[in-house]
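Colleague: Note that the protein sequences, when read in sequence, are chains W and P.
Here the first sequence stands for residues 1 to 621, numbered as in my numbering.
Here the second sequence stands for residues 1 to 107, numbered as in my numbering.
Hints in this document: simulated from the structure, not taken from any laboratory.
C-beta atoms are modelled at their ideal positions from N, C-alpha and C, and glycine is treated no differently.
Careful, some of the hints might be misleading.
Said to hold, decoys possible - Examples of chain W residues toward chain P, derived with CB under 8 Å:
no., residue
1, Leu3
2, Ile6
3, Glu8
4, Ala436
5, Ala525
For reference, the chains in residue letters:
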Amino acid sequence: MALMQIAEPDEARAHRPRRRAIGIDLGTTNSLVGTVRDDGIAIVLPDADGRTLVPSIVHYGASGVAAGYDAVAAQTADPQNTIVSVKRLMGRGLSDLADARRFPYRFVDAPGMVRIGTRDGEKSPVEVSADILRALRERAEIALGGPVDAAVVTVPAYFDDAQRQATKDAARLAGLPVLRLLNEPTAAAVAYGLDHGIEGTYAVYDLGGGTFDISILRLTRGVFEVLATNGDSALGGDDFDHRVFCWILEAAKVSPPSPEDTRLLLLRAREAKEMLTGHEAAPIVATLSTGQRIDLSLTAAMFSEITRTLIEKTLAPTRRALRDAGLEPTDLDGVVLVGGATRMREVRRAVAGFFGQAPLTNLNPDEVVALGAAMQANALAGNRGRDDDWLLLDVIPLSLGLETIGGLAEKIVPRNATLPVTRAQDFTTWRDGQTAMAIHVVQGERERVDDCRSLARFELRGIPPMVAGAARIRVTFQVDADGLLSVSAREQETGVEASIAVKPSYGLSDDEIARMLRDSFEHAANDMAARALAEARVEADHVAMATQGALASDGDLLAADERTAIDAALARVRSARDGADAAAVRRAVEDLNRATIEFATRRMDRGVRQALAGRAIDTLA
Amino acid sequence: MAITITESAARHVASQLARRGKGIGLRLGVRTSGCSGLAYKLEFADELKPEDVAFEAHGVTVVVDPKSLPYLEGTELDFAREGLNEGFKFRNPNVKDECGCGESFNI
Chain W
1 MALMQIAEPD
11 EARAHRPRRR
21 AIGIDLGTTN
31 SLVGTVRDDG
41 IAIVLPDADG
51 RTLVPSIVHY
61 GASGVAAGYD
71 AVAAQTADPQ
81 NTIVSVKRLM
91 GRGLSDLADA
101 RRFPYRFVDA
111 PGMVRIGTRD
121 GEKSPVEVSA
131 DILRALRERA
141 EIALGGPVDA
151 AVVTVPAYFD
161 DAQRQATKDA
171 ARLAGLPVLR
181 LLNEPTAAAV
191 AYGLDHGIEG
201 TYAVYDLGGG
211 TFDISILRLT
221 RGVFEVLATN
231 GDSALGGDDF
241 DHRVFCWILE
251 AAKVSPPSPE
261 DTRLLLLRAR
271 EAKEMLTGHE
281 AAPIVATLST
291 GQRIDLSLTA
301 AMFSEITRTL
311 IEKTLAPTRR
321 ALRDAGLEPT
331 DLDGVVLVGG
341 ATRMREVRRA
351 VAGFFGQAPL
361 TNLNPDEVVA
371 LGAAMQANAL
381 AGNRGRDDDW
391 LLLDVIPLSL
401 GLETIGGLAE
411 KIVPRNATLP
421 VTRAQDFTTW
431 RDGQTAMAIH
441 VVQGERERVD
451 DCRSLARFEL
461 RGIPPMVAGA
471 ARIRVTFQVD
481 ADGLLSVSAR
491 EQETGVEASI
501 AVKPSYGLSD
511 DEIARMLRDS
521 FEHAANDMAA
531 RALAEARVEA
541 DHVAMATQGA
551 LASDGDLLAA
561 DERTAIDAAL
571 ARVRSARDGA
581 DAAAVRRAVE
591 DLNRATIEFA
601 TRRMDRGVRQ
611 ALAGRAIDTL
621 A
Chain P
1 MAITITESAA
11 RHVASQLARR
21 GKGIGLRLGV
31 RTSGCSGLAY
41 KLEFADELKP
51 EDVAFEAHGV
61 TVVVDPKSLP
71 YLEGTELDFA
81 REGLNEGFKF
91 RNPNVKDECG
101 CGESFNI
C-alpha cells in the first residue's frame with residue numbers, strides 16, 4: 001500500500017476561505033448590521049461617520065430613494081413619501097391594521113399585504129424593508145471588501161409565517177443570501193453565549209425605542225425554544241422622554257409649546273434621561289422661541305418617580321409571559337437586557353428586583369441582537385473551527401446516505417456535519433445497458449440499509465445504455481440550514497436529472513437518535529460481518545451473471561464435461577450466495593473462477609480472431 | 001487483540017506531535033471511499049471522544065472510533081522508507097485485497 005502521512009483532523013475545513021457572513025437586526029426604529037472578525041470577535045459595522053445605527057426610514061424622493069440617516073430629515077418635510085416603522089406592516093393586510101390611521105400614508109389594500117402609495121409608485125412593505133436592507137448590505141460590503149456570502153436576519157419571536165416570509169422576501173429582494181431568520185431574543189441569548197450551556201431557562205427583556213417585548217426561552221441541548229412572548233407594541237424609551245418632557249412643562253410652567261419648542265424640549269428630555277444613567281442629577285437648560293429660559297435640574301429620584309408607572313407597565317406583560325410559560329420569576333437561570341432603554345438604572349433595578357437576580361448587561365443593549373445574528377451567520381457559513389462549540393441545532397444528528405448494491409448503506413453526509421452542507425459522490429451502473437437507477441435515501445449509522453431509517457426513494461431514468469460501470473452518476477446531498485434535505489442525481493454524460501426533497505429529522509425523537517447511535521457502536525462487529533456477506537454476494541452475483549452471459553454466447557467452445565463442471569460450480573455459487581457464510585460464498589466464487597480459466601482463455605482467443613478477421617495484414621501496425 | 005504501533009512509527013508520531021505543539025495522540029480509522037470500498041484515516045487526535053477506544057504503545061496514544069475498530073483489529077502501524085519516500089504503513093491482517101492505487105482496501 002501507499003505510504004501515508006498524518007493529516008490534520010478535518011483538514012478540508014481549515015483550507016476553506018472565510019466567507020463574508022453578516023447578521024442583521026431589522027428593527028422598527030433602527031437597524032444594525034454586524035459581523036464576526038477574523039479574530040472571532042463579533043462587532044457592529046459603523047458607517048463612514050462612525051454611526052452604528054441605521055434609522056429604519058426610507059424616503060421616496062423626487063431625486064431617488066434614500067434610506068437611513070439620509071431619509072431622517074424628510075420625515076417632517078415629506079411625511080407621505082417617507083416610510084417609518086414599516087416593520088409593523090410586514091405581512092399585514094389592511095384589515096389587520098387596527099391603527100392604520102396612525103400612519104400618515106396613503107394605504108392601498110392589496111391581496112395578502114397592504115401597499116403604500118408613494119411618489120415612486122405603490123410600494124409593498126417588503127420593498128420598503130428591502131431598501132433598508134440594501135443600505136445595510138452596502139455598508140457591510142464596504143466594510144468587508146466584497147459581496148456578502150451569508151446573512152442572518154432577526155425577527156421578533158411573535159412573528160407569524162406571513163411576517164417571516166415577508167422578511168425573507170425583503171432580504172432576497174435586497175440581494176442578501178439569507179441562511180436563516182433568527183428570533184431576536186434567541187440572537188440576544190446567543191450573543192451572551194448562553195447557547196454554550198447545556199440547558200437553562202432565560203428571559204429576554206427588550207425595551208426599544210417604541211416597543212417592549214419580553215420572551216421566555218428554554219435551551220435544551222443547544223436548541224432554543226420560545227416558551228412564551230408578550231409585550232406592549234406602544235411602549236418604549238420615547239415614552240420616558242415624554243414623561244420628562246411633561247415634567248419640564250409643569251416644573252417650568254410652560255404654556256403649550258410650539259412644535260419647534262416641543263422638539264427642542266423632547267431632545268433635552270432625552271439628554272437628561274441618558275445622563276441620569278450615570279449621574280444623580282441632570283441639568284435641563286433651554287431657551288424657548290417665546291424667549292422663556294428654562295433652567296432645571298432633574299434628580300434621579302424624581303426621574304424614578306415620574307417613570308415608575310412606565311416601568312410597572314413592562315412588568316405586567318412580563319408576568320403574563322411567565323404565567324404562559326408556567327414559571328415563577330425565580331425559576332430563570334438568566335435575564336438578558338436588550339434595547340437602548342434598558343440602560344436606565346430604573347429598568348435594571350426593576351428587572352433585578354422582579355427576577356431576584358442581576359440581569360446580563362455587559363454587551364451594548366442596542367447591538368446585542370445584531371451581534372448574536374452575526375455570530376449565528378458566522379457559524380452557519382462554516383467559518384468556525386471544529387474546536388468551537390456548535391449549536392446542536394446546526395449539525396446532522398445521524399448520517400445520511402443511500403442504498404448501494406447488496407443492501408449496504410453508503411454514507412454521503414456524515415453525522416455531526418455542520419449545516420448547511422453539500423456533499424456529492426459519483427456512482428455508476430451495475431448492469432450492461434442499465435437505463436435507470438433507483439435511489440434510496442437512508443439515515444443512520446449502521447452498515448445495512450435494513451438497520452437504517454428509510455427517508456425517500458426516487459428513480460433516475462433515461463440513462464443512456466452503456467456497459468456496466470461506464471455511466472457516471474453524480475448524487476448530491478444538500479441539507480440547508482433549516483435541516484431540509486434535497487437529493488439530486490445527475491448522469492454526467494447526458495445531463496438527465498432527478499431529485500427529491502425530504503425533511504431528514506422528521507419524526508425522529510432525540511431518544512430514537514440516541515438509540516440508533518448506540519446500536520451502531522454495539523453492532524459494529526455484526527455490521528462488518530453483514531457488510532462482508534453483502535459484498536461477497538454482490539461479487540457472486542456479478543461473476544454468476546458474467547459466466548451466464550459467456551455460456552450463452554460462447555458455450556460451443558466447451559466440451560460436454562467442461563460444461564458440466566462449470567454448471568456445477570455456478571450452481572454452488574448460487575446456493576452459497578443464498579447462505580449466510582461470507583467465506584463460503586467467496587470460496588465458491590473462487591472455485592467458479594478457477595473452473596472457467598480455460599474457458600475464458602478460449603473466449604479471448606476467439607475474440608481476438610474475430611477482431612482480426614477480414615483485415616489486411618498491413619492495417620495491423 | 002488490539003492495534004499496535006511499531007517503535008519506529010511511534011518515534012515519528014511523537015516527534016510530529018511535538019512539532020505540531022498540540023494533540024493527544026494519533027487517530028486511526030476507516031472511511032468508505034476510494035475505488036475499492038474502504039480507506040484508512042490517519043490524523044492527529046485533538047480530543048478523546050466518549051465512545052473512542054484508546055491504545056498505548058511506545059508512549060504514543062492511538063485513538064480509534066468503535067465503528068472502525070473491527071476493520072482494524074490486529075493492525076500494526078509501521079513507519080517505512082520506500083526509495084525516497086517515507087511514511088506510515090498499515091499492516092492489517094483483515095485486508096482481503098487492495099485497489100491498484102493502494103488508497104483503498106477490502107475486507
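Colleague: State the violated hints by number, sorted upward, taking the hints as numbered earlier in the document.
Modeller: The structure conflicts with hint 4 only, although it agrees with all the remaining ones.
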